[in-house]
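> In case you want the letters, here they are:
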Amino acid sequence: MIRLEHVTKTYPKASRPSLDEVSTSIEKGDFVFFIGPSGSGKSTIIKLLLHEIQPTKGKVVVNERDVTALRSWRISGFRRQIGCVFQDFRLLPNRTAYENVAFALEVIGKSQGVARRVVPEVLELVGLGGKEHRYPHELSGGEQQRVAVARAFVNRPLILLADEPTGNLDPDTSIEIMRLLDRINRTGTTVVMVTHDSNIVNQMRRRVIEIESGKIVRDQPRGVYG
Amino acid sequence: MRAKYVLSEVMVGLWRNVTMTVAMIITLAVSLTLLGASLVMYKQIEAMKGYYFSKVEVSIFLKNDATEDQQHALSDALKSDPLVKQPVIFETKDQAYQKFKVQFKDAPDLVKATKPDSLPASFRVKLKDPKQFNLIHDAYKPKDGVDDVLDQQRLLAKVFGVLGAAQNMALAVAIIQGVAALLLVGNTIQVAAYSRRREVAVMKLVGASNWFIQSPFVLEAMFAGIIGAILASLGLVAAKYWLIDGTLKPLTTLLTPVSWGRILWMAPILIGIGAVVSGVTGWITLRFYIKK
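Protein sequences appear in the order of chains A and B. With this note's numbering, the residue at position 126 of the first sequence is 126, and numbering never jumps. With this note's numbering, the residue at position 69 of the second sequence is 69, and numbering never jumps.
Check the hints yourself; a few may be wrong.
What the hints assert, rightly or not - Distance ranges between label pairs, derived from CB positions:
hint, chain 1, residue 1, chain 2, residue 2, range
1, A, T24, B, K4, 42 to 48 Å
2, B, R16, A, T68, 34 to 40 Å
3, A, P93, B, S259, 53 to 59 Å
4, B, K4, A, D66, 33 to 39 Å
5, B, G272, A, N63, 43 to 49 Å
6, A, E212, B, K4, 49 to 55 Å
7, B, V191, A, Y11, 26 to 32 Å
8, B, S195, A, Q112, 21 to 27 Å
9, A, D66, B, I176, 46 to 52 Å
10, A, R156, B, V12, 44 to 50 Å
11, B, V12, A, G141, 26 to 32 Å
12, A, S25, B, I176, 58 to 64 Å
13, A, R156, B, R16, 57 to 63 Å
What the hints assert, rightly or not - Okay, derived cross-link-like pairs now, DMTMM-like style, lysine to aspartate or glutamate, Cα gap no bigger than 20 Å in a straight line:
hint, chain 1, residue 1, chain 2, residue 2
14, A, K110, B, E9
15, B, K204, A, E52
16, B, K4, A, E99
17, B, K204, A, D88
It should be emphasised that the hints constitute simulated quantities derived from the structure, not laboratory data. Each residue gets a CB set at the ideal place from its N, CA and C atoms; glycine is no exception.
This is chain A alone, in the form it adopts within the complex (with noise of 0.2 Å):
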């Protein structure tokens, strides 16, 4: 599903690389952290399996494409099967959580109808039926994450990328969130989380890569922090 091959990436100006000849390969319906200390170049990877960033060596391949190789005019449609998780939720202030979800689908071209029937399925999904028509700033930060979860599964994604989803949030809600993507994950969906949330990876036991200034240190299948 998901394939770097001896992937650099050096930022300009930056004098040694965030990523230095990584190598691994992640399956399909895979669950795998990435951790880390801040600056080990864990959120790079992201950027990259995104193609917010082009690698500076080397090829990342998402679902059988060369993503590097991707032409600027097919990487919207490339995005659309990948979902996304940040740590600071990026919601839509003026809309509320069931406009959130459906502006996902609307912008990319999905008709209302194809809203109303999916949108309050999902919510459900997440936990948050019943509060569609709040906005963010009346809903607690979990549930922030939720909509935002929900927003990145309602296209029914291949890959689900979180980067620190739980870093905004304390550690009883940072456990409902990992049971909702481990739900996610047993959907089939493959799941790429950042985090140095100790609690969660040594909770959750799954696999673990851990990255040290830009290069893999260990790759285990049942990993705990360490």
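Since chain A is already given, all that's left is putting chain B on it; use the hints.
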């Protein structure tokens, strides 16, 4: 749904930034008015050139004391000259005076002060190629009985020089105004994109196509361009009504009349130019601003 979404975004975008929108429309309108005026003038000058140059004559004025023999010799020479278009017309002193009286009937004092005898007789000829005036001038000027050889084309060239300069001025101001207008368009689009940056970020994230993200902004710019062009067309109509058919009416015998058709034709041209140029400007601005 998409069309409704895009249109409501366009209206919200224009309204949110209404002072800039107005400034953008005004500068676009001024620029397009001048551009339109310049185009009309250009067409007009071309038409006038065709009209006048087909009538332009070379006048060979005779000295007051020219003899009949000299006159006949000149007449024969002109009739056999390959550069000259036949027939050659001879205007006697009397004919010249009659013509003068008609031309200056509005100035009876001038007519009274002019004696019938004081206007010279002349040959009026047209050239097969008006550019060969110099050859005619050099051939006939030294002949006996010839006072002067005058080419009307030279006078016309001066008139057209003035008209052409006015047209160039209008064009130059149109271009300067146009640059200012396009900078305003770019700025307005940038402000609009900034105020919607969250939406744009989410749209990119969930995989909205580039044209879908950009179309409300581009349409916003095109809308302003079209409104500006409509105002400019109304400006030209007003200029035709009050200026050309009003204040400058007495000059229409000199300046060939500007037809309504020519003015009205400018409207679709200006609307096209306004829409395309400001739309493209908006689009280019976005490529720098959104794409990264």
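> Compare the structure with each hint and give your call.
For each hint, the structure was consulted:
1. T24(A) with K4(B): 42 to 48 Å: holds, 45 Å
2. R16(B) with T68(A): 34 to 40 Å: holds, 39 Å
3. P93(A) with S259(B): 53 to 59 Å: holds, 58 Å
4. K4(B) with D66(A): 33 to 39 Å: For K4(B) and D66(A) the Cβ distance comes to about 38 Å; the hint holds.
5. G272(B) with N63(A): 43 to 49 Å: Check passed, 44 Å falls within 43 to 49 Å.
6. E212(A) with K4(B): 49 to 55 Å: holds, 51 Å
7. V191(B) with Y11(A): 26 to 32 Å: holds, 30 Å
8. S195(B) with Q112(A): 21 to 27 Å: holds, 25 Å
9. D66(A) with I176(B): 46 to 52 Å: Holds, at about 49 Å.
10. R156(A) with V12(B): 44 to 50 Å: violated, 31 Å
11. V12(B) with G141(A): 26 to 32 Å: holds, 29 Å
12. S25(A) with I176(B): 58 to 64 Å: holds, 60 Å
13. R156(A) with R16(B): 57 to 63 Å: violated, 35 Å
14. K110(A) with E9(B): Holds, because 18 Å separates the two Cα atoms, which is no more than 20 Å.
15. K204(B) with E52(A): Holds. K204(B) to E52(A) sits at ~10 Å (cutoff 20 Å).
16. K4(B) with E99(A): holds, 16 Å
17. K204(B) with D88(A): Holds, because 16 Å separates the two Cα atoms, which is no more than 20 Å.
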